[in-house]
Amino acid sequence: MPSNSPRSLDRIIRTLRSLMRSTGLPRPDRVLISTVSGSVHVEFTSGSAPDRLASLLLWVSRLDRVTLTWTLRPDHTLTVAATARNGAGLVFGLTASAAVADLGATSAEQSAVTLGPFRLVPLVVEPVTFEEVARLVQLGRAVAARHRAASSAAA
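All the letters of the sequence shown, read from the start, carry residue numbers 308 to 462 under our numbering.
Calculated directly from the structure, the hints in this document are not laboratory data. Treat the hints loosely; a few may be bogus.
Restraint-style ranges between C-beta atoms, simulated for each label pair [said to hold, decoys possible]:
#1 A419 x T374: 21 to 27 angstroms
#2 V338 x L430: 23 to 29 angstroms
#3 A419 x A449: 17 to 23 angstroms
#4 G394 x Q417: 41 to 47 angstroms
#5 A456 x L316: 45 to 51 angstroms
#6 S414 x V338: 34 to 40 angstroms
#7 S418 x D317: 45 to 51 angstroms
#8 G423 x L365: 16 to 22 angstroms
#9 G394 x S355: 26 to 32 angstroms
#10 T374 x V343: 17 to 23 angstroms
Quick reminder that beta carbons are idealized off the backbone N, C-alpha and C, glycines included.
Using the sequences and the accompanying hints, generate a full structural model.
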């Protein structure tokens, strides 16, 4: 494949680095580059649950043609996934996962959970908005703040 091809590894890496540097995006924990499809998949797996989701949101705020979904896995882990493109036409897939307990979940009937105003059923992929995921970030940060306050009071 010629080096000036939009799918060349060097071009994809340069485009990715440029996007991250020019916008101050957080570093993903895992990056998978496909020269066949001309795409980049990034994952956020470290840090607190709300920070992982917030990192994903920061990335999608810098991209175009964004679609967001979330899925509750049977182990009560919520996975938020996004697809998007940048101005250079590079296709992005992004994911971040969080235990729903870290986001303040309460049990609903059977294996469903309630997260603030949201009711999630396992293995149902639901389209969501940026604002809905941002709400989960807020819920998770509130849970973390309550845990810190409880730890301080116990000490």
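Evaluated hints:
1. A419 x T374: 21 to 27 angstroms: 24 angstroms, holds
2. V338 x L430: 23 to 29 angstroms: 27 angstroms, holds
3. A419 x A449: 17 to 23 angstroms: 21 angstroms, holds
4. G394 x Q417: 41 to 47 angstroms: Check passed, 45 angstroms falls within 41 to 47 angstroms.
5. A456 x L316: 45 to 51 angstroms: 48 angstroms, holds
6. S414 x V338: 34 to 40 angstroms: 36 angstroms, holds
7. S418 x D317: 45 to 51 angstroms: The hint (45 to 51 angstroms, Cβ to Cβ) holds, given that S418 and D317 are roughly 46 angstroms apart.
8. G423 x L365: 16 to 22 angstroms: The hinted range 16 to 22 angstroms holds for G423 and L365, with Cβ atoms some 21 angstroms apart.
9. G394 x S355: 26 to 32 angstroms: Roughly 31 angstroms apart at Cβ, these two residues keep to the hinted range, so it holds.
10. T374 x V343: 17 to 23 angstroms: Given range 17 to 23 angstroms: holds, Cβ gap about 21 angstroms.
The structure agrees with every numbered hint stated previously.
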